[in-house]
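Visitor: Spelled out from the first residue to the last, the chains are:
Number of protein chains: 2
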Amino acid sequence: MKKFCNDPKNYVPDMLKGIALANQDKLKYIPDYNLIMRADIPQPNKVSIMQGSGSGHEPAHVMIVGKGMLDAACPGNVFAAPPPDYVYQTTKLIAGPMGVLHLLNNYTGDTMSFDTGRELAEAEGIEVRTVVINDDVAVKDSTYTVGRRGVAGNFFVIKAVGAASERGATLEELEKLGNRVVSVTRTFGVALTGCTPPAKGTPIFTLEEDEMEMGIGIHGEPGRKRVKIQPADKIIDEVFAIVADDLPYKAGDEVALMINGMGGTPISELYILYGHAHELAEKRGLKIKRHYVGEYCTSLEMAGFSLTLVKLDPELEDLLAAPAEAAIHIF
Amino acid sequence: MKKFCNDPKNYVPDMLKGIALANQDKLKYIPDYNLIMRADIPQPNKVSIMQGSGSGHEPAHVMIVGKGMLDAACPGNVFAAPPPDYVYQTTKLIAGPMGVLHLLNNYTGDTMSFDTGRELAEAEGIEVRTVVINDDVAVKDSTYTVGRRGVAGNFFVIKAVGAASERGATLEELEKLGNRVVSVTRTFGVALTGCTPPAKGTPIFTLEEDEMEMGIGIHGEPGRKRVKIQPADKIIDEVFAIVADDLPYKAGDEVALMINGMGGTPISELYILYGHAHELAEKRGLKIKRHYVGEYCTSLEMAGFSLTLVKLDPELEDLLAAPAEAAIHIF
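First to last, the sequence lines map onto chains S and B.
Straight run, no breaks: the first sequence in the numbering used here ends on number 331.
Straight run, no breaks: the second sequence in the numbering used here ends on number 331.
Please note: incorrect hints may appear among the correct ones.
The list cannot tell twin chains apart, which means a pair is met if one copy fits it or any two copies do.
[To be verified] Derived DMTMM-like pairs: lysine to aspartate or glutamate, alpha-carbon spacing no greater than 20 angstroms straight-line:
hint: 1; residue 1: Lys92; residue 2: Glu172
hint: 2; residue 1: Lys17; residue 2: Glu282
hint: 3; residue 1: Lys2; residue 2: Asp233
hint: 4; residue 1: Lys225; residue 2: Asp246
hint: 5; residue 1: Lys28; residue 2: Glu282
hint: 6; residue 1: Lys2; residue 2: Glu209
hint: 7; residue 1: Lys289; residue 2: Asp25
hint: 8; residue 1: Lys26; residue 2: Glu282
hint: 9; residue 1: Lys2; residue 2: Asp237
hint: 10; residue 1: Lys200; residue 2: Asp210
hint: 11; residue 1: Lys92; residue 2: Glu127
I should point out that these hints are in silico values taken from the structure, not numbers from a laboratory.
Quick caveat, the model's predicted, so the values are computed rather than measured.
For reference, chain S alone in the conformation it holds in the complex (with noise of 0.2 angstroms):
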């Protein structure tokens, strides 16, 4: 196992020291919860929004906590959920009169514990609604999932819900534009190679030097089929047309394109992939009003990308180009 790490079993912990010395003036750190959240949280005039689920998809969640972003993000261990204390505690934590926002990506186990953990903190009168995000196209139900996997599309929900919250929108609110997000928000994904769980010590599925998995899932759930590797072009022509067909984006639709590294492939290669999805989007008539490229939503080091298509309105265009802060940053 190649990795930069200590203890295996301090995988999680020692990541979260990093994050938390790094910004000391912005977040707090509680090593009981596994907890990161923004120091100046609760408000009296804001929700609370948060999302915990296993790590080892980085900066999704721990990284992306701040203003305009998440309020709090309690992580489970790599690839496996937060116990549902830490998403009671995180709730309670963070809690202020308007409330607090849970997201969460659709897999079995985040699900129970954030069922659980919201049951606890509505017992002590907090107000929560959630939001579930399954923006995955690949597969109708998978490994740790009953209907469609949360992937890289959760930025988008974060994005926008974070901005509206700091504009004072209440929980109902919230809950609404979130589901609204998730509503228009498609992604598919494709592997290289598959990835090394730390505690694990081996990968979770190999692949052939010339084979690539299409549909993959972020914790090396099987996707739709394995496939001998295509030029970059022929395979964005495949992905493309099944996130595309999916809504469908139809010609006139104004869109957000992403293309999301999982962790092991370079920003180049990105780039390359970006440049002819952004062909085929002005070929069937898309407006291209944002675009992303990078790492949001990642699976250890795995090699692979995901496209995420996201159709939008004005409303929404406007939030997800509001300021926001995170750990992760360029400058």
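Dock chain B against the given chain S, drawing on the hints supplied.
Guide: Only chain B this time, still in chain S's reference frame:
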């Protein structure tokens, strides 16, 4: 070879096309010279700044062209210097009345191209100054270098002179500033794996499953030694001491600390490395004023990282904090 690409010969043009399509409002792409430049350059009251280098180090340099950063980048093929003609043509296209600043990482091929390109431009009356970046403390001379190599520290030179040029600094002032940043910047890199240039199709070097290379270059040039993989904290103990002792950085110094990913290492591991580097910096009495964790100067899909320290003064800190734009972005 597991890559998302079409014809390996078109790896760089296909990538540049993607960057250009994504940024049609802000960037110009001239395929004849692999040239990516700001659409609003030259300007009468601003020195224009350019860097060329081999490709394969993205986001450096083609993805960091933008206001407050580079005004143009003219990349060569993967790991190959740009031809002198690209340097010359790029210089001509961006030249305004205040002249052109050439930035280059210290490699023999780049130096030769930039020397010739500069002479051709000067023969036409364009004023050019050059700053050579050589922040890598790992080796004295190297496969492609006389003297120290230029690596991820170049980000700080670009950011500082980019910001100062927006404020109207003269060519002479920028040359002096660039050299000043170089003089306080030190880097050291570590690799867990090699990488595969697309046109070559095979790895440029290989490491055993339990091996790492200390002091690696960004083109696979040998470093100081090959050793068994150590826990992350032990690696950082050694790397931090090498970098910090070189200038040296002393108790009371204000610094920027960067953990740069080499392309194939997930950001979760980069934060594990950052956390311990932060602890060591504090132990030494350094005051971390700015931190950078992510990919700044990569080596295709190599698994690895580099650690950079920059000694700050109030002017440099202010320049690093100034607003900037680039093709790479998160939000």
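Visitor: One pair to classify: lysine 2 and aspartate 237, alpha carbons no more than 20 angstroms apart. Within, between, both, or neither?
Guide: For lysine 2 and aspartate 237, only the inter-copy Cα distance (18 angstroms) is at most 20 angstroms; the intra-copy one is 34 angstroms.
Visitor: Cα distance capped at 20 angstroms. Does lysine 92 pair with glutamate 127 within a copy, between copies, both, or neither?
Guide: within (10 angstroms within a copy, 63 angstroms between copies)
Visitor: Using 20 angstroms as the alpha carbon limit, work out where lysine 26 and glutamate 282 are close: within a copy, between copies, both or neither.
Guide: Answer is between; shortest inter-copy Cα gap is 19 angstroms, intra-copy 41 angstroms.
Visitor: Should lysine 2 paired with aspartate 233 be assigned to within, between, both, or neither, using CA atoms and 20 angstroms as the limit?
Guide: Answer is between; shortest inter-copy Cα gap is 15 angstroms, intra-copy 31 angstroms.
Visitor: For lysine 289 and aspartate 25, with the copy left unspecified, which applies at a CA distance of at most 20 angstroms: within, between, both, or neither?
Guide: between (34 angstroms within a copy, 11 angstroms between copies)
Visitor: Please work out whether the CA atoms of lysine 17 and glutamate 282 approach to 20 angstroms or closer within one copy, between two copies, in both situations, or in neither?
Guide: between (44 angstroms within a copy, 14 angstroms between copies)
Visitor: Have a look at lysine 225 and aspartate 246 and pick one of within, between, both or neither, based on CA distance no larger than 20 angstroms.
Guide: within (18 angstroms within a copy, 52 angstroms between copies)
Visitor: With identical chains treated as interchangeable, where does the CA-CA distance between lysine 200 and aspartate 210 reach 20 angstroms or less: within a copy, between copies, both, or neither?
Guide: Answer is between; shortest inter-copy Cα gap is 16 angstroms, intra-copy 25 angstroms.
Visitor: Between lysine 28 and glutamate 282, at a C-alpha cutoff of 20 angstroms, which is it: within one copy, between copies, both, or neither?
Guide: Classified as between; 19 angstroms across copies, 44 angstroms inside a copy.
Visitor: Quick one: lysine 92 to glutamate 172, C-alpha cut-off 20 angstroms, is that within a copy, between copies, both, or neither?
Guide: Result: close within a single copy only, 19 angstroms intra versus 57 angstroms inter.
Visitor: Give the relationship of lysine 2 and glutamate 209 under a CA distance limit of 20 angstroms: within one copy only, between copies only, both, or neither.
Guide: Answer is both: 19 angstroms inside a copy and 7 angstroms across each meet the 20 angstroms cutoff.
Hint compliance for this structure: no hint is broken.
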